[in-house]
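Protein chains in written order, with my numbering: chain A, 13 to 413; chain B, 13 to 413; chain C, 13 to 413; chain D, 13 to 413.
For the record, the hints were derived by calculation from the structure and aren't laboratory data.
Treat the hints with care, since some could be wrong.
[What the hints assert, rightly or not] For lysine-lysine, the following BS3-like pairs were computed, each having C-alpha atoms within a straight-line distance of at most 25 Å: (1) B:Lys390 with D:Lys383; (2) A:Lys356 with B:Lys251; (3) A:Lys390 with C:Lys254; (4) C:Lys352 with A:Lys295; (5) A:Lys254 with B:Lys173; (6) C:Lys295 with A:Lys383; (7) C:Lys352 with D:Lys251; (8) A:Lys229 with A:Lys116; (9) D:Lys352 with C:Lys251; (10) D:Lys238 with C:Lys116; (11) A:Lys383 with C:Lys116; (12) D:Lys116 with C:Lys356; (13) D:Lys254 with C:Lys340; (14) A:Lys295 with C:Lys390; (15) B:Lys116 with A:Lys235; (16) B:Lys235 with B:Lys116; (17) A:Lys254 with B:Lys383; (18) C:Lys254 with D:Lys340; (19) A:Lys390 with C:Lys295; (20) B:Lys254 with A:Lys116; (21) B:Lys173 with B:Lys340; (22) A:Lys340 with B:Lys254; (23) D:Lys238 with B:Lys390; (24) D:Lys390 with B:Lys390; (25) D:Lys116 with D:Lys238; (26) D:Lys383 with B:Lys295; (27) B:Lys383 with D:Lys295; (28) D:Lys356 with D:Lys307; (29) B:Lys254 with B:Lys68; (30) D:Lys307 with C:Lys352; (31) C:Lys254 with D:Lys116; (32) D:Lys173 with C:Lys116; (33) A:Lys238 with B:Lys238.
Protein chains: 4
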Amino acid sequence: MDYTYAPGRNHLFVPGPVNIPEPVIRAMNRNNEDYRSPAVPALTKTLLEDVKKIFKTTTGTPFLIPTTGTGAWESALTNTLSPGDRTVSFLIGQFSLLWIDQQKRLGFNVDVVESDWGQGANLDILAKKLAEDTAHSIKAICIVHNETATGVTNNLATVRKLLDHYRHPALFLVDGVSSICALDFRMDEWGVDVALTGSQKALSLPTGMGIVCASPKALEATKTAKSVRVFFDWNDYLKFYKLGTYWPYTPSIQLLYGLRAALDLIFEEGLENVFARHSRLGKATRLAVEAWGLKNCTQKEEWVSDTVTAVLVPPYIDSSEIVRRAWKRYNLSLGLGLNKVAGKVFRIGHLGSLNELQLLGCLAGVEMILKDVGYPVKLGSGVAAASAYLLNTIPLIPSRI
Amino acid sequence: MDYTYAPGRNHLFVPGPVNIPEPVIRAMNRNNEDYRSPAVPALTKTLLEDVKKIFKTTTGTPFLIPTTGTGAWESALTNTLSPGDRTVSFLIGQFSLLWIDQQKRLGFNVDVVESDWGQGANLDILAKKLAEDTAHSIKAICIVHNETATGVTNNLATVRKLLDHYRHPALFLVDGVSSICALDFRMDEWGVDVALTGSQKALSLPTGMGIVCASPKALEATKTAKSVRVFFDWNDYLKFYKLGTYWPYTPSIQLLYGLRAALDLIFEEGLENVFARHSRLGKATRLAVEAWGLKNCTQKEEWVSDTVTAVLVPPYIDSSEIVRRAWKRYNLSLGLGLNKVAGKVFRIGHLGSLNELQLLGCLAGVEMILKDVGYPVKLGSGVAAASAYLLNTIPLIPSRI
Amino acid sequence: MDYTYAPGRNHLFVPGPVNIPEPVIRAMNRNNEDYRSPAVPALTKTLLEDVKKIFKTTTGTPFLIPTTGTGAWESALTNTLSPGDRTVSFLIGQFSLLWIDQQKRLGFNVDVVESDWGQGANLDILAKKLAEDTAHSIKAICIVHNETATGVTNNLATVRKLLDHYRHPALFLVDGVSSICALDFRMDEWGVDVALTGSQKALSLPTGMGIVCASPKALEATKTAKSVRVFFDWNDYLKFYKLGTYWPYTPSIQLLYGLRAALDLIFEEGLENVFARHSRLGKATRLAVEAWGLKNCTQKEEWVSDTVTAVLVPPYIDSSEIVRRAWKRYNLSLGLGLNKVAGKVFRIGHLGSLNELQLLGCLAGVEMILKDVGYPVKLGSGVAAASAYLLNTIPLIPSRI
Amino acid sequence: MDYTYAPGRNHLFVPGPVNIPEPVIRAMNRNNEDYRSPAVPALTKTLLEDVKKIFKTTTGTPFLIPTTGTGAWESALTNTLSPGDRTVSFLIGQFSLLWIDQQKRLGFNVDVVESDWGQGANLDILAKKLAEDTAHSIKAICIVHNETATGVTNNLATVRKLLDHYRHPALFLVDGVSSICALDFRMDEWGVDVALTGSQKALSLPTGMGIVCASPKALEATKTAKSVRVFFDWNDYLKFYKLGTYWPYTPSIQLLYGLRAALDLIFEEGLENVFARHSRLGKATRLAVEAWGLKNCTQKEEWVSDTVTAVLVPPYIDSSEIVRRAWKRYNLSLGLGLNKVAGKVFRIGHLGSLNELQLLGCLAGVEMILKDVGYPVKLGSGVAAASAYLLNTIPLIPSRI
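Start from the sequences and build out the full structure, keeping to the hints where you can.
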C-alpha cells in the first residue's frame, strides 16, 4: 500500500529518517527468532563490541534500547541524575528545546543558556557558570552536538576543555542524534559521559533503536541517581550482560541484524571516509546555497553542520510551500522549518547513506522549486558550484579501483 | 549472516516473538520515509481506527508506542497513577512478577495477591479486598490476561463483575501481551481502562511497537496522575492527534506498514476465526500433552491458555535440556521454564501466524525430543490425539472454497 | 555479498536492466508456490488480460515466456516463419544486427536494409522492395521499434502504411524491447503481427520474462510455419490456455507477482502519463547534451528516442573511459558504445521507473565526468538546460494534489 | 496480493518449485544492476566455478541459461545432435515422456524404451541395443535420473558401465532436474556428457535458470551438431566466457545473487550432508506410506527416490481429491498424479530446503486428508513410523553443537 505513489525513487533529504542501504534492508527482511536461543546473544555480543567504535570509545558501555531518540535522552538523564539536580542546557533550536523540556518534566533544575536560533551553544556563558560554581551544584552539562533544526554543530572539545580547566566534576551528556556516524565523535578523547544516537539517523536504519553509550563515571552515577526509571534502567541491562543473555526484554531481531549490516558497511567504507563523505556533502550544499544567493541559517562558519543545512528564504516566501511543492511535484522530501524558524527555513538533510549524485539531484530539484515559488534563482547555479567543488574532492570508490 | 544455520525452516514455537506472515514481511521491506509528509499521517489514521477493533473498543484511544511490552506496562501505569497509589496485582508467574516489580520501582504501593505458579489470579481475594476497601484506597487492579510463563488465562469478565458489584472505582489495567488478537478480548464490555499488547505477539510483527489502549476514564486519570513521564506520556500523543500529524517523535515507518498488513490479514481471516484457530491449536496441544502422559502446568481447566502451553516434565528430566535439544537437533524453538518453574516446564507457544500442520510438526518433534531425553513417550501418540480432534474442527479455508 | 560496495544508491542509467520500483521488489519477495494450485492460474488470467493494454491490443494473444529478449525474438520468428522464408530486416545498430544474425542462423533468407548507425530504418527502400515484390516473396518485415544502441526510434505507422499501400501480406514483426511501456505502442492500430518486449526494460522488472504478443494473423501463421521449435512453441501455451492452467512448464512465481505489481503501478500512473514522463526525460536529456556542445548519435530529430540517448564524444575522448569513471567514481552506471560506435558514444538510458530529479543527478554526474576526461564542459550547463524545460512541463503528482 | 490467503505457512510439498531458504530470498531482494559492470562478471566467475561442484565435475563446462528445465533439455539436445540422429530414450513417466516428445519435435529419430510407470529405465534393453549397434547409429542415450512423476531413480552408473562395456561412443545426456543437489550425482565418474537441472528444484531458488553442464566430448560435438539453435547455443556463451564478460544476453541479476547464496548454504551444510538429509526424508516418507498400508508407485526398492514419493491410492479414491483437500483445508501443497497415473497417485516432494519436522507436519496432514477422503488410516501411524526412523538418524546441527 502506497497512499501517495509517484514514479521513480523518493528523494529523501529530511535530516532523518534517512535512506536505508539496500544491504541493510535485505538483512532485516526476515522472520522473528527466539531471542533466548544462543544465536541472538552471539550476535548481540558483536554489536555491543563494534558499536563502541562509532562512539570512539573503548571504556564506554553501550545500550541498544528499543526506543527513539527521545527515549535515549530519557535514558541518559534518569540513569545519571536525581530530581532537583541542576543541569546546564543550551537552547539553540527545536531539538535542544525539546530536550530541555524533557529535563524540566523529569524534575531537574535546568539552567538554560539560550542563543539565537542559528547560533551555537554559548560556551562563554558556560565558562562563566563553571567558574562561579565552586560548590559544584551543576551536576550535568547537556548539549546537542548537532542541532538538527538549524544545522548548527557545537564544539564538544571546548566543553571538555572548560570542564577540565575549572576542574568541574559535572557529567557531560551529549545528544549525538544527528552527528554520530556522520561527524567525528570522540567520546573518550572529549570525556563525554553519556552519548546517544538513534538508529534512523546516520546509521541509516529504520527508527526503533536508541543507542546510548555510558562512560565508567556515568555508570558510577547510576548508583546514586534517584530518578525513577524501569524501562530505561541500565542496571537491568547490565544484569543480563553479566549473564551473557544481554536482553532484559525482547529486542527487535530485525534491527539487530540490520545494525550488524549497517556497521559492516560503515567499517567497509571506513569511519574516517564516512566523515569525509559527509564533509563533502555538507560543503557542496553550502556552496549551492551561496550560489543561489540565499543564506544559511547557521550564523558562523565555525558552527556549520555537515549533516543538515537549514536554508533561510526571503521574507516574501513561505518555506513550508517549498517543502510542500518538493513533495507534490518532484517526489523530493525536504525538512520543514520548525517552531521559531517555521516558514523561514527549509532544511536539506545530507546524512547517512547518500552519495554525491543523489545530492546533486536534490539541489537541481531545489532550484526548480525556488523558481516555482518566485525566487529568482539561476537554474544550474547551485549544481555548478557544488559540482566544481566535488569534482576536486570525490575519491575513487576503493572497491572499484 | 546466520550464526547458526540449519537446513529448512526454523520451527518457531516460543510464545513470542512469533512467526511473521510473508505478506507482513513484504510490507516492511522498504526504505524510510519522511514521517512529516502527508502519507504517514494518512496511514496512521487508518491504523488508529482499525487497531481499536482488536481491543473490541469503540470508546478507547490507542497509542502506538515505539517500545516493547515492558514499556507499554510503564505507559499504562505512569499515565494513570501517582507514586504511593495502591494497586492490587496478581503474582502468578514470571511476567506478572516482572510487572509487579515495575510497579514497585515506579513507587506504587503494590498489594500483591500471590498464587501458585500454574494457578490463575485469586479473584476471591480480590473480592475480599474490594469489599473491605470502602475508602477506595485501591487505585488500580493490575492483571495479566494470559500469563505467558505458565499458560494461565485469567477471567477478566469476573474482575469487572466484582468491581461493579462493589461499585469500586479502581482503574482496571490489563496486560494483554499474549492474549490480544489471539484470545477474545472485550475492552468495552469488560470495562477495561488500559489494555496493552506488543507487536511481536499475536499480531505477528517484529518487536518494537507497544500498543496501548486507554478508556475515557483512563484518559481522565492522566490529569491527576503525578507519575513522572515524558517518553511514555500520552498527552504528547494526544497533542499531535489533535494536530493531525499524530507523532510526538519519529515512528518506525516499517512497523506502521507492517501493522497495516497485519491488521488486513486478521480482518481478512476474521477476528472471530482467528480466535477459533487459536482455540483449536490450544486444545490440540493439550490433547497431545495428555496423550504423552504429561501434565499441563495450568492446574485447572478454567485457566488453560489457547496461546501457550507450559508442559510439566517428570522430576528426573531437566526441561532446559528439552529446549536445548529442540534447537540443536530439530531446528525447533521451544520456550524455557522461567524462574520458579525453570527446569520443570517447557513451553509450546501456539499464537500468531500459525496453522495446524505447523503445530503437528512441532508436536512430532517434541515426541522425538522426549525420547531423546529418556521419557518413554509413544511416538505418534500426541500427534494422533491432536489430529483426531483437529480432523473434526478445521474449517475449509474460506478463500479456497 | 556486494563485490563492489559504494555508499548511497547506485545511479542506474543503462538502457536496461532498469530500476525496479520498491513495490515491485516487495511483491517478488516471496517463497515459491505450487503453480498447479488454483491461485497461479487466477493470477495469470489477470496478467494475460492486462498485459494486452501495454501493447494497445484487444485482438492479440500474449505469451509470458521464461526467457530474455533474445528468446522472445526467437519465439516471434520460429512460430510464424519457415526456413528459407524471405524477411526484410533493417540494420541500424547493435540490437538490430543481433536480431538479423539470429534470423540468418535460424535459416531465413534475410534481405538486410542497412543504414548508418544513428539513422533510422530506411523506409524508402522498404517501399521500393514492397512495390517490386508482387510475388509476395517477402514473408515478414522485421523491425526494431527503438534501437537501443544508437537511440533511434523508427516510425512504425509508416511501415503499416506502406504495407497497406502495396497491399502486401507480409507479417509485421516488431522488437519493442526498449519501447513498449515507455513509448506509445499501438499494436492493433499499426497492424503489428508480433510485438515483444523484455521484463527488465520499461516494465521495470528483473530480467527473465519475454513478453510476446501475437495477432490473429500471426497465430494463423503458426499452422504453416515449419521452423523447428519446442520451448518457444506458442501452441503449447495455447493448449494450456484452453485448459485454464496456462503453463506448459514452470513459470517464475516471483516474476508473475512482480508483473502484477508492475502493471498496477503503470495503470495507477496512467499509460499515457508514463509516455509523457518518458517524453519529458528524453527531451531534457537531449537539451543537456546540446548545452554541453555534444552531438546526439541520432542523426535526425524524427528518430530521437525518449528511452535512450547515445551521446557522441569528440574524437580525442574514449567514451568507454567515461563509462568506467562513472562507475568507479560516481556510482553511476552508463551504457557503453557497442560495436561500430564503441569508444565513440556513451549512452544514457532514461526508461522505466525513473523521475526527473534522478535524471538531473545523472546529468550532473556526466558533467563532472566530462571534465574528468578533459572535455571543456561548463558545469551546470546541462542541468540548467534540462531544468528550464522540466520546470514548465513536470505535472503535479496526481496522488499528492 | 494473495488470491487465496490462509493463516500460517503454506506447506509446500510439490516436487518443485520448492521452498526457498530465507537467506536466498534475502539475497534476491534487490534492484537491478548493469550486467556489463565489472561486478557481475566477478560474481559470475565464482558461480561457474562453484556450480561444477554440485555436478561433481572438474572437466565440465557449465551454462546458466535464463530458461526452465524444458529449455535446458532443448539446449542439451540441439547443441550436441543433428536432425535425424538416433537417440535411445526411456519412457517411464510424464517427464521422460515430455522429453521424448521434445526429441521427436526437434527431428531426432527417437528409439523409445518404454517401461510401466513405476518402473525404472529398462537397462537390459539398452544393453541389447548397444550390443547390436556395432555401426554406432545411436548418437545419444537420453535418460532422466529421477522421474518426478513416479518417484523413480535410475541407475546412471550402470548406463556408463554398459556404454564402456560395448565401447559405444554415444553421448550420455542426463536430465537431473529432480536429482542434482539432492541425490548424489557424479558427472565425471559416470562419464555423463550433458547434465542439467533447474533452479527451482533442489537448488531451492525461483524458477528461471536452467543449469546445464557439458563434458569436453559434448563441447566437441557442438562442432558437428546441425540442430538449429540460437538462444540456446552454447557457443555464444563460450565466446563471452573467453572475453571474461560471460553473458551473450541479459542475465537475471537476482537469480545470480540467489544462486550465490544457495550454493553458499549447500556448501555450508556440506554436499554429502545434503544428500544424507534427502535420504533421511525419503526413507521416512516411505516408512509412513507403508504404515498407512498404502503402496509406493515405485515398483522396486532399487528405484525408490529420495526426492519425491508417488503414493498409490486405493481404486475407490481419486487422488486429485486428496491434493485438492490438502490445499483447501490444510494449506498443504501436494503433487498431482500426472497423465497415466492421474487420479491414482498423489506425490509428496521432499527435496530442497526442508527439514524433518516440516516433513512430519506434512505427513500428519496427509493422514488427516486420507481420513477425509474415506481411507481408514490410523492417525499418527505414519508419523510414528517416520519418527522412529528419524530419531535414530537425525544428526545434531553442526553450527549448534
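Now for the hints, and whether the structure bears them out:
1. B:Lys390 with D:Lys383: holds (22 Å)
2. A:Lys356 with B:Lys251: Distance of about 24 Å is within 25 Å: holds.
3. A:Lys390 with C:Lys254: violated (62 Å)
4. C:Lys352 with A:Lys295: violated (42 Å)
5. A:Lys254 with B:Lys173: Between lysine 254 (chain A) and lysine 173 (chain B) the Cα gap is close to 45 Å, so the pair fails against 25 Å, i.e. violated.
6. C:Lys295 with A:Lys383: Between lysine 295 (chain C) and lysine 383 (chain A) the Cα gap is close to 20 Å, so the pair holds against 25 Å.
7. C:Lys352 with D:Lys251: holds (19 Å)
8. A:Lys229 with A:Lys116: Holds - the C-alpha atoms of lysine 116 (chain A) and lysine 229 (chain A) are around 23 Å apart, at most 25 Å.
9. D:Lys352 with C:Lys251: Between lysine 352 (chain D) and lysine 251 (chain C) the Cα gap is close to 19 Å, so the pair holds against 25 Å.
10. D:Lys238 with C:Lys116: Holds, because 14 Å separates the two Cα atoms, which is no more than 25 Å.
11. A:Lys383 with C:Lys116: Answer violated: lysine 383 (chain A) to lysine 116 (chain C) is near 56 Å, above 25 Å.
12. D:Lys116 with C:Lys356: Violated, because 48 Å separates the two Cα atoms, which is more than 25 Å.
13. D:Lys254 with C:Lys340: With Cα atoms ~24 Å apart, lysine 254 (chain D) and lysine 340 (chain C) stay inside 25 Å; holds.
14. A:Lys295 with C:Lys390: holds (20 Å)
15. B:Lys116 with A:Lys235: It holds: about 18 Å lies between the C-alpha atoms, which stays within 25 Å.
16. B:Lys235 with B:Lys116: Measuring from Cα to Cα gives roughly 22 Å; hence the hint holds.
17. A:Lys254 with B:Lys383: Outside the cut-off at roughly 34 Å; violated.
18. C:Lys254 with D:Lys340: Roughly 24 Å between the alpha carbons, so the hint for lysine 254 (chain C) and lysine 340 (chain D) holds.
19. A:Lys390 with C:Lys295: holds (20 Å)
20. B:Lys254 with A:Lys116: holds (24 Å)
21. B:Lys173 with B:Lys340: violated (48 Å)
22. A:Lys340 with B:Lys254: Satisfied, since the Cα-Cα distance of roughly 24 Å is no more than 25 Å.
23. D:Lys238 with B:Lys390: Status violated; Cα separation ~64 Å.
24. D:Lys390 with B:Lys390: Holds - the C-alpha atoms of lysine 390 (chain B) and lysine 390 (chain D) are around 14 Å apart, at most 25 Å.
25. D:Lys116 with D:Lys238: holds (15 Å)
26. D:Lys383 with B:Lys295: holds (20 Å)
27. B:Lys383 with D:Lys295: With Cα atoms ~20 Å apart, lysine 383 (chain B) and lysine 295 (chain D) stay inside 25 Å; holds.
28. D:Lys356 with D:Lys307: Holds, at roughly 11 Å.
29. B:Lys254 with B:Lys68: holds (23 Å)
30. D:Lys307 with C:Lys352: violated (65 Å)
31. C:Lys254 with D:Lys116: holds (24 Å)
32. D:Lys173 with C:Lys116: violated (42 Å)
33. A:Lys238 with B:Lys238: Since the Cα atoms of lysine 238 (chain A) and lysine 238 (chain B) sit roughly 17 Å apart, the hinted pair holds (cutoff 25 Å).
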